[in-house]
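Take the given structure of chain A and dock chain B to it, following the hints.
Protein chains in written order, with the numbering used here: chain A, 81 to 441; chain B, 158 to 414.
Simulated from the structure, these hints should not be mistaken for lab results.
Remember, predicted model here, so these are calculated numbers, not experimental data.
Incorrect hints may appear among the rest.
Okay, the calculated bits of chain B under chain A, using three or more residues with CB under 8 Å as the criterion [as the list claims (entries may be wrong)]: (1) 271-283; (2) 295-306.
Here are a few chain A residues that sit away from chain B, every Cβ distance over 12 Å (derived from the structure) [as the list claims (entries may be wrong)]: (3) F131; (4) A196; (5) Y198; (6) V202; (7) T215; (8) Q253; (9) P386; (10) Q420.
No residue lacks a Cβ here, since even glycine has one placed at the ideal position from N, Cα and C.
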Amino acid sequence: MDGTRLVCRGDWSAPQLAMVERRLQRLSGRAGDNWQLDTSGVSQLDSAGAFLLDRLKRDLEKQQVSLSMEALPSRHRALIDLIAETAQPGAAVGTARKGPLVRLGESTTEIGSQAAGYLDFVGRFALDSLPRLLTPHRIRWKQVVGEIEHAGVNAIPILGLLAFLTGVVIAYQGGTPLEQYGANILLVDLLAITMLREMAPLMTAIIVAGRTGSAYAAQIGTMRITEEVDALRVIGLTPYEILALPKMLGLLVAMPLLTLFADLMGMLGGMVVANTMFGIGYDDFLRRIPEAIYPSSFWVGIIKAPVFAAIIVSISCYHGFAVQGSTESVGRATTRSVVQSIFLVIVADAIFSVVFNIVNL
Amino acid sequence: MNGNQHAILQAKGLETRLGGNLIHQNLDLDVRPGEILAIVGGSGSGKTVLLRELILLLRPTRGTIHLFGRDCSHVSPDAMRKLREQIGVMFQHGALFTGMSVAENVMLPMQEHTRLRRSTLEELAMIKIRLAGLPPEAAARKPSELSGGMVKRAALARALALDPELLFLDEPTAGLDPVSAGAFDDRILELRELLGLTVVMITHDMDSLWRATDRVAFLADRRVVANQPIAELTANPHPAIQAYFAGPRARDRRIEQ
Chain A
81 MDGTRLVCRG
91 DWSAPQLAMV
101 ERRLQRLSGR
111 AGDNWQLDTS
121 GVSQLDSAGA
131 FLLDRLKRDL
141 EKQQVSLSME
151 ALPSRHRALI
161 DLIAETAQPG
171 AAVGTARKGP
181 LVRLGESTTE
191 IGSQAAGYLD
201 FVGRFALDSL
211 PRLLTPHRIR
221 WKQVVGEIEH
231 AGVNAIPILG
241 LLAFLTGVVI
251 AYQGGTPLEQ
261 YGANILLVDL
271 LAITMLREMA
281 PLMTAIIVAG
291 RTGSAYAAQI
301 GTMRITEEVD
311 ALRVIGLTPY
321 EILALPKMLG
331 LLVAMPLLTL
341 FADLMGMLGG
351 MVVANTMFGI
361 GYDDFLRRIP
371 EAIYPSSFWV
381 GIIKAPVFAA
391 IIVSISCYHG
401 FAVQGSTESV
411 GRATTRSVVQ
421 SIFLVIVADA
431 IFSVVFNIVN
441 L
Chain B
158 MNGNQHAILQ
168 AKGLETRLGG
178 NLIHQNLDLD
188 VRPGEILAIV
198 GGSGSGKTVL
208 LRELILLLRP
218 TRGTIHLFGR
228 DCSHVSPDAM
238 RKLREQIGVM
248 FQHGALFTGM
258 SVAENVMLPM
268 QEHTRLRRST
278 LEELAMIKIR
288 LAGLPPEAAA
298 RKPSELSGGM
308 VKRAALARAL
318 ALDPELLFLD
328 EPTAGLDPVS
338 AGAFDDRILE
348 LRELLGLTVV
358 MITHDMDSLW
368 RATDRVAFLA
378 DRRVVANQPI
388 AELTANPHPA
398 IQAYFAGPRA
408 RDRRIEQ
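Chain A extracted, bound-state conformation (with noise of 0.2 Å):
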């Protein structure tokens, strides 16, 4: 039928026009019909109204049916005809899914590439430490006492708190099956064993790991994102030594001590608990410990830390340093970091425990 006429009212602007889009795509004409488009009644027409008519009128010509827009106020043909020119029809936004295959080999790929880049930041690290660690002097110290501060000093409540927790727990838990032998003092041994070997360095390098460690990653990222790091490397310094060896020095120093402090509070948490539930007196509880331990049980925990130490440091720097670009990398590279040192840890808590039975230790 010749002279459709289509009539268009009321707002046409984009918040408006989800009803209109549907209903406009309804539409459909007899081949060689003639429309007439009347906007008239339109009191808003923004770019979104503009792109629905024209790709009305493109619909429609596909059913060979012609929209005439010669009736339109001119304001209205211009916006039609800019939009008509700018838009291209099937223009894709490009955001192509990748198929299963492709992200295996690249997750996979991207393992073995962090694995070599982690150890090209290792080497590189060490280059630029090196000629401080020779000349002791050059070494920035306040930084050093600074981060044991924030890495030691602050975390004192909080390991504190958890030591003393994982004391009394151990305490309860082994405790139960030793009193129906008879052998309550042997709980001393029991604490003394696992806290100092075990218990305590772990609990130390995942909380300083949590806390320390993700900040230094999230800290590096961002200075990475602000070019700080750049303009570190532009002004001659080296970014590594400078932000990096700090932080591993403090921590070389605090984590031995944080663990000793994490001894101490594991111990007392179970002397707590041996007193008011398994009988064993304070005093019977310390004139028992120096039989309990070997001396070797004591340092074979404290020499974990600052290994642990170094791979929560290196970890976490290497995972700032490799941020890119974005603000979201900072957030994955902060994840990374702790998961990733945590992982580590636990690895090298292993190995140490198998080297520590083939020494007899």
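Chain B only, in chain A's frame:
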């Protein structure tokens, strides 16, 4: 839209204190529909603070701001949403969401404020991206993969997403080379014609001031000391204005004119 006599944006008696510093006092500003108004002033004269107040991110200590004829000091969340639909803002450093592609950045306001189909939104986003002067290939890229000039254009595309009546630009041409900056000015003029925009921008760019503005509001002594076309402004005897336009860069420009 309001009648031509009515200001689309009107600030009256603004006073701003930030951390004990008095930034603005008794500041008045009006923006007419369809004009391109530039806000200029020396560094630290409170231009960015004023802009943040005008886009309702910061509440002035005293005074009122009327947007589209309504008082913005007490706005319900619903009305605020409506107001936000009519305002587009391009931040100085783009403020593009780094986790998303350019196209997704442009689509985000549309997704939130409309219920159009995704395919429609994608095509609309492509239109805005091209209107802002970006090549279509840029749509799929992440902001970190764009050059400085492209970031500005992408930010403009996002600001245009909902066809705002009022567009705020914070130093749109800062950091662009003269050719790109000129092209950006032309783009703004063209969009004003095509979409009937009203534009408020902060700029230090003398070329932009001469080329793209209808009026220039000059900020000094914590208020707007003059709001007039650039040719008249440069002749204004106010000492701060004279000092501003007597710099070597501005002088060359004036001789040319």
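For this session: Return the numbers of the hints above that this structure violates; sort them in rising order.
Result: 3
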